[in-house]
Amino acid sequence: MINLIYITVLLPLIGFLINGLFGRKIKNAFPGSSGEKIIGTIGSATVGISFLIVVGAFFQTISLPVEQRSNTVELFTWLSVGGLNVKFAYLVDQLSLTMALIVTGVGFLIHVYSIGYMHGDKSFWRFFAYLNLFIFAMMNLILGDNFIVLFLGWEGVGLCSYLLIGFWYDRNFEKGTTSQAAKKAFVVNRIGDFGFLLGMFLIYQTFDSLNFTEVLSKAATFPVAEATFGLIAIFLFIGAIGKSAQIPLFVWLPDAMAGPTPVSALIHAATMVTAGVYMVSRTSIIFASAPAVMMIVAVVGLLTAIMAASIGLVQNDIKKVLAYSTVSQLGYMFLAAGMGAFSASIFHVMTHAFFKALLFLAAGSVIHGMHEEQNIQKYGGLKKYMPRTYLTFFIATLAIAGVPGLSGFFSKDEILWYSYANGSFIFWLIGMLTAMMTAFYMFRLLSLTFYGKERFDHHHVHPHESPSVMTVPLIVLAFFSLVGGYVGLPKVFVGESGNLIDSWLKPIYAPAMNKLALYGSHSHFEEILLMAASVALALSAIYFALHVYTKKPEIAENLSVKFKGLYNLLLNKYFIDEAYEAAVVQPIQKGSEKLLWKVADVVLIDGAVNGLAKLIDKFSAGIRKIQTGATHAYAVMMLTGIALALLWLILSL
Amino acid sequence: MSNVPMEYYLILSAFMFCVGVAGVLIRRNAIVVFMCIELMLNSANLTLVTFSSYLGNSIGQVFVFFVMTVAAAEAAVGLAIIIAMFRNKMTVNIDEINIFKW
Amino acid sequence: MINSEILTYLLLTPIISSILVLLFKNEQAKLIRWFGVAASLIAFVISLVAYTQFDQANPLFQLTHQVVWIKSLNVSYFVGVDGISMLLILLTTFLTPLTLLSTWNAIEKNLRMFTFSMLLLEAGMLGVFMSLDLFLFYIFWEAMLIPMYFIIGIWGGERRIYASIKFFIFTMFGSLLMLVAIIWLAVYASSITGFFTTNLLDLYKVGPTVPHQIQAWMFGAFFLSFAIKVPLFPLHTWLPDAHVEAPTAGSVILAGVLLKMGTYGLVRFCLPLFPQSSVEYAPIISVFAVIGIIYGALVSMVQTDMKKLVAYSSVSHLGFVVLGIFAMTIESVQGAVIQMVNHGLSTGALFLLVGIAYERTHRRDIAFYGGIAKLVPVYSVALMIAVLSSVGLPGLNGFVGEFLILLGSYKSNVLGSVWFTVFAATGVIFAAVYLLWMYQRVVFGKVTNHELEHELTDMNKREILFLAPIFLFIVWIGVYPSTFLNMTEVSVQTILQQVSAIFFVNALHRNWCWYCFICYNRN
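Chains as they are written, first to last, in the working numbering: chain A, 1 to 653; chain B, 654 to 755; chain C, 756 to 1278.
One thing to keep in mind: the hints can contain errors.
Said to hold, decoys possible - With a cut-off of at most 25 Å between alpha-carbon atoms, the simulated DSS-like pairs for lysine-lysine come out as follows: (1) C:1129 - A:122; (2) A:453 - A:378; (3) A:37 - C:1129; (4) A:552 - A:564; (5) A:175 - A:573; (6) C:1216 - C:785; (7) A:551 - A:383; (8) A:453 - A:383; (9) A:453 - A:551; (10) A:25 - C:826; (11) A:515 - A:491; (12) C:1201 - A:122; (13) A:175 - C:1129; (14) C:785 - C:960; (15) A:25 - C:785; (16) A:515 - A:218; (17) A:598 - A:573; (18) A:590 - A:175; (19) A:384 - A:614; (20) C:1201 - A:175; (21) A:175 - A:378.
Stated by the list, open to error - Here are a few chain A residues that face chain B, going by a calculated C-beta distance under 7 Å: (22) 631; (23) 632; (24) 635.
Hint data in this document are derived by calculation from the structure and do not stem from the laboratory.
Just so it is clear, CB atoms sit at the ideal spot from N, CA and C, and this is done for glycine as well.
The whole structure should be built from the sequences, with the hints applied where relevant.
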């Protein structure tokens, strides 16, 4: 199965080609919903089969001894110039398999869900074509055995994100259009890619290779200056910041909600946005060799986590809340990576993929049932209309809020513990505050949506449960949100080898861990104490949110009036978009138009060119007056000339 | 002929040339200007013949034939141009003919 | 076995057929069109045959054909190819039939002369790429100006006269300096070898021995001529005018092939003939190249005319090529060569697509369009692919070139600083901005202009026919560039060896350096 891994990449591509080239024809050939069924089946089946192959490869790998679990599948030579030899090859190891399982598994469920969600859309086929293309790119990203194949996937998922955010290209989104949001996402990502590219160049210059195995083993052994490692890590991290929506490049992710909801679930929650975490994780040895950068990673992650969570507290668009929640959770992952807990970050990627995909899909189900209404102030009391959606949403909310026993608890707790153990108390504290905020805004969302008074207009809106093609994926995801955490039980309870995911991923991070050599001495008591504190705080936040939003909404009302400034600041997302617009976008645009084009190009350069032409023109205009047209004058001149020439000849004799 | 010194011929030739030049420059009638040009050509011919006879070398005389041929051709072309100009402008006054002007 | 005169046949095909075109009458429009396409297709086939004869492992010039022309000056008709010129010849013969196909409805006026000019232009371009004699090269270099001048001046837009004269004088100015340098070099050669010669192979041996001071002047003259053609900032202002006013076919050839003659000249003549000067001035030239990359992108961003936008994007893309050439590493020069082809394909496709819309609506301003995705889906997809290829998306051709150029220039010792690459790489961001913004405004959104609804029709079969081959190569180069990289690898190595033999001596002579914080890992 490992040797067949390329099929998992190829199948979605085939699906993309079939649906992309013939989707319109299929739709026209089979009127009604049967055309949709064919298209949806092709789209889902390709991903489903890929998932099965990945599962097969997973079990094959797990049956191998630990030293042989990293395998490379080579396809063909892609770029071969001078010393650069880049093969189109896939690396099948513990890390890429974990990611591949998430991508194809969650991806498959979302594909199935989309058959129901996108039902009746005029571009149904285009949607599935894009989704398959996304899976193709994402699989290249995580399976690529060198930086360039990774970058191919990296840009590819960016493109798909662009296409899918702007999927409803004729709709408006907030102040602009969906296509503006799409462009913003692509361009901001490109700023990150700029850093990633420079990182690759420096890696190539330092290690003379772009192949993971080679670079990483050289990084572990070569005597390279720490500053070089620092620069490489910083450059790579800039790339990760762009793709994983961290400060200061997170602005695109909330706008990405302009896309259809399955897209938000798949791309902007479960898979693509975690690519940055994956990349940091993959190059862990480089980051581990640059402790200063590790600290930057951790701080950026932490700040992003708390900032996004604070914005999430007051948003009213159901998808916006989830979007800021995603940004915040991604911050957690980087916090973990920065603390050297790479396996914890991947663990959180996994659990987050389950519960956040579920949250988005359930939100999609709500939006579907509420006739495209996304404002949670216009929901309320939906519990009885959508029981299955409610139940799954509830489970996911518990998971993300960190209620003990659910998946989110284990991964978040591990991150918080490492931020204390490898970092300091202040890291833990801010992380904890973020967790509280998370619990609060999630239960605010839950309460406003499913509990309390029905605030929608009964004449126009008739809430209804979604069809089972949509709810079955929800239930599957809910199951994993419940139990997904048990692969990563805290070591304090189950011992060193009891944490399955940690021991599975350990060989990948072994070189990094050797370099880091962390682990101060901390007692089990400390860990359990902190855990208890975090659980207590989360539960109190949950209680507070439920109390405020189901029983006493006036408290929230009063608070927002009392702290009007703060409220507005949060509601307007710290005015970061506006600040970027004023400080970056406008100056560049105006400067390019007014200064570079209209002045430098037209006036200076072209002015110089045309000025020279005019000068010659003027000069000629002056001397052409000599041409009087009177033949006599010419003759006199000629004679004078001859006479002078003769004179000169005679004198020079 | 040998008792007439060569200088006489040359002076005559120079005189003829000057008359020709003056005519070209001063006169306004195209026909006259044209005749003056012929005068200049013939003064040159006279010089050539003089030197040829003086040096006992026939090259100069051969050259004169060339000049006469060219002059004949030139007369034909030149007169044609003057006639064409006359047809256009109904005048042969060269002051009136200034289309060379910028 | 086909003899070594195949390049001559290739050159003669468009010349002879251009004369044959004149036998038709203007009224026989259909016949003339098919004849033009057929003639250029024959040229394409011949170039393919030449390609099969070509041995890419051989570092020497191949398929050479030499006939003495002016004996007293040792000038001969001498043609031959190496990998780089073979690739560009294929690009030329590939693009010409496609552009001729694209003119079906666009050109009505004096079709006979148009086809004549296009075929003559093709001959001129082919001649430039295959000449191995500077005298012959110069003749082709100048000769191809004339048909281009007429194509812009007769079949162009409103300000065509201004544009064509500007184009002509700009390029003429540079090439006259080059002529002086050619004569100077040939005369210098006669003082060394004892005979006057313009044979490139002889001059390759003479060039590097020219004293430093004189070499700098010769290099300057050659370089200026090529830089105008490229065009390198700040010599680029003829380009937007020429592109905007030229008919679609003219723009495609102008962007696709003509600009490449400048960069080709840099690789073929500047580097190997004057290696010391090339190395010495590489950093300064690269500064202008990098300015061009960013400047072209920024100015492109704020254009309101689609064609002008694409034109300024050429300034940006060609900046990458020049940077790659003067970084003088195998990666960067290989990248530059492949980027020449890429730019020809992707910008060619963009011009063709803009031309298709223009044919229908006679409008090029972005504001006029909007929401056309709904009206013309096939067109929108085609434009998307062209835009993405130009943006440099991995998997499509643009990425391969840009990546190799940046990678090579980053580790270049000739440039001596990574800042060139850092600034050049910002071009990657700006490319996304200007092209996607244009795409968004043209294709997405609601249909704002109802004139569009009845004027704009989707691409027809002919249009798909001439775009499909371009897209084929866009994907091919993106996925499997080895086909093309292998073709030029040996030739590029040969040229770089000529330069690097000099470099180590000369590096010590450079009395200034670009200090930066990354210098510590250089030495």
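- Query: Hints broken by the structure, by number, lowest first?
  - Reply: Those not satisfied are hints 10, 14, 15, 17 and 19.
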